[in-house]
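Engineer: Here are the chains, one letter per residue:
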Amino acid sequence: MLPAPPTLLSVTVTTSSPPRAAVPARAAPPPRPTPSWWGGLGSFAAGLSLLVVLALWTSNGGLRETASGGLPAVTAIGRLSGLLAADLMLLQVLLLARIPVVERAFGQDRLARWHRFTGFTSFNLLLAHVVLITLGYAGTVRANPFAQAWDLVVSYAGMLLAAAAFALLALVVVTSVRAARRRLRYESWHLLHLYAYLGVGLALPHQLWTGADFIDSPVARAYWWTLYVGCAGAVVVWRIGLPVWRNLRHRLVVEAVVPEAPGVTSVYLRGHRLDRLPVRAGQFLLWRFLDGPGWSRAHPYSLSGPPTAGRLRVTVKDLGDGSARVARLRPGTRVLIEGPYGRLTGERYDGGPVTMFACGVGVTPLLSLLWDLPYRSGTATLVYRARSEADLAFRAELDRLAVARGVRLIHLLGPRAERTSWLPAHYASHLADAGAVRQIAPDIARHTVYVCGPDSWADAVRTALAAAGAPAERVHTERFAW
Amino acid sequence: MSGVSGVSGVSGTRRIALWIVSTVAALVLLFSYRTSTMGASGPATVAETPAADTAASGGAAQAGATTAPGTKTYDGSVAETRWGPVQVRIAVSGGKIVDVAVPTYPTGNRRDKEINARALPILRKATLAAQGANIDTVSGATVTSEGYIESLQAALDAAHIS
Chain A
1 MLPAPPTLLS VTVTTSSPPR AAVPARAAPP PRPTPSWWGG LGSFAAGLSL
51 LVVLALWTSN GGLRETASGG LPAVTAIGRL SGLLAADLML LQVLLLARIP
101 VVERAFGQDR LARWHRFTGF TSFNLLLAHV VLITLGYAGT VRANPFAQAW
151 DLVVSYAGML LAAAAFALLA LVVVTSVRAA RRRLRYESWH LLHLYAYLGV
201 GLALPHQLWT GADFIDSPVA RAYWWTLYVG CAGAVVVWRI GLPVWRNLRH
251 RLVVEAVVPE APGVTSVYLR GHRLDRLPVR AGQFLLWRFL DGPGWSRAHP
301 YSLSGPPTAG RLRVTVKDLG DGSARVARLR PGTRVLIEGP YGRLTGERYD
351 GGPVTMFACG VGVTPLLSLL WDLPYRSGTA TLVYRARSEA DLAFRAELDR
401 LAVARGVRLI HLLGPRAERT SWLPAHYASH LADAGAVRQI APDIARHTVY
451 VCGPDSWADA VRTALAAAGA PAERVHTERF AW
Chain B
1 MSGVSGVSGV SGTRRIALWI VSTVAALVLL FSYRTSTMGA SGPATVAETP
51 AADTAASGGA AQAGATTAPG TKTYDGSVAE TRWGPVQVRI AVSGGKIVDV
101 AVPTYPTGNR RDKEINARAL PILRKATLAA QGANIDTVSG ATVTSEGYIE
151 SLQAALDAAH IS
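Taken in order, these protein sequences are the chains called A and B.
Each residue of the first sequence is one higher than the one before, counting from 1 in my numbering.
Each residue of the second sequence is one higher than the one before, counting from 1 in my numbering.
To be clear, the hints were calculated from the coordinates, so they are not data collected in a lab.
All C-beta atoms in this analysis are idealised placements derived from N, C-alpha and C, irrespective of residue type, glycine included.
The reader is advised that the hints may include incorrect statements.
[Stated by the list, open to error] Chain B stretches covered by chain A per the calculated footprint, using a threshold of three residues with CB under 8 Å from any CB of chain A: (1) 18-31; (2) 112-118; (3) 139-149.
[Said to hold, decoys possible] Listing some non-contacts, in silico: residues in chain A with all C-beta distances to chain B over 12 Å: (4) Pro100; (5) Thr333; (6) Arg395; (7) Gly406.
Using the sequences and the hints, build the whole thing.
Structural biologist: This is how it looks when you write it as structure tokens:
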């Protein structure tokens, strides 16, 4: 491996700290790697569910009515958009039901983005459904559409509930539009968002009782009941049951709070039977510190050290969002967790060279991976981007890693570049993004690469990696802000 | 992202309790409305007694009672449609259809009633004009029309009108 030219990228290897004893081993082996076909199967199932909806609608004459044109077409398309909206809504519930298989196959950052996308899509379909059905029905009996809409709501089975469902879903969607979301306190937004569950549930009766595609088709009824019951079950089991059970079992409490760098704090936690908590280095959990008002908001923090049988460590940067209070946590404070989640783990690691790119507090999961991955001495590199030397966290610990595990440390310090670049300003002015990657690791294509940092920075790294020849499937990244 | 911004614990908890109570109250009100539980008992189909006929209706292909000298009524079979059963009764005199009644048609909800109130007179007129089952379905009432034609054909068969 070529050392980076010191004129361009400074390589820092400190040997002053004595090597520390190895981290205590875990009693239980970490979970088995996630089979890569899980993701494919999940996507296939989601696509299939939309096809099933389309097929049921077609077999019920939907296509024929659409082809015949006129009002039957308006009504038929209105029905289809309603059915697709319902299917997407249920998929959305499943996306965020914290189903372990789904979490491990896709990762929560991707799931959250898809959830947002399907949410808006299904609401647009819902709007189309409401408008088309009203117009179609009104046209058939030659009524005024507004009178027809009123009539639909007050005299058709389950329709008052459906109208309430629509109002609730509209509320959830409107408060999630970015402009509105920024103005709302997180707690208010979150509370309002829970009404989406009620909205989805209240929409069911009108489907079953007045839905043309339900009344006559036992297959359709069976399909929708399965979907609804499955979704409700997934939420109860994984979104509620599993976290409750884990918290009762592990009973985490704060053990110590240690400052790491300006605004960066580590929290050590202890609990019961942590060896049975299926968490891997590089993963994150959702944390609720029971230290007073505002506890109800969960924060996603990565483990910054490898999980051990006795304790966990997370490291938090004060982003002005309540994470400052972490620094004031008292030992003994009880802690609620959800998780573990996250795919930035060593489960795909093949034993070859490793290069990691960290920016700011994004170093935390990579630090735990550096302790955890079984790389050979001298084959791992950590590129650590920070604003200034004072902003580097874990200096002593990284130095220990350099000595104990032969980790090559490259610190990239300085203000942000003017162009979009993952490099600091004074490097970016005379060094190409991909060129810098090749300088750090000329054989980057053979490396397992981990990237963790703010979205725009991580995107710039990935672009540079691709340009430098690193295959996408060997680049592991997770967004820590979403 | 703010976890602490100024919510005091007591008022926060009280506010959440208030939200929950209001939500439950709203749900109770919603479900107390008649349409919110009506579907649970199954769709209703009303069989209406034909005004002009006092005879007991029989099955398909069975001659009915006489209503006027030389006039006989015939009931069609009950056609099961997606929205409910449809049955047609014809009055035949001298080999001609002189009247049509529809004692049974779907009235499960307001929409059925509205659609059929418009469609059935059209179908009746068309039947009298065509003197047979070779009539068009009524746009917007395809389901009832198809059931109507099926039952009508059975009634015609019973009356031996081709």
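Engineer: List in ascending order the numbers of the hints, as given earlier, that are violated by the structure.
Structural biologist: none
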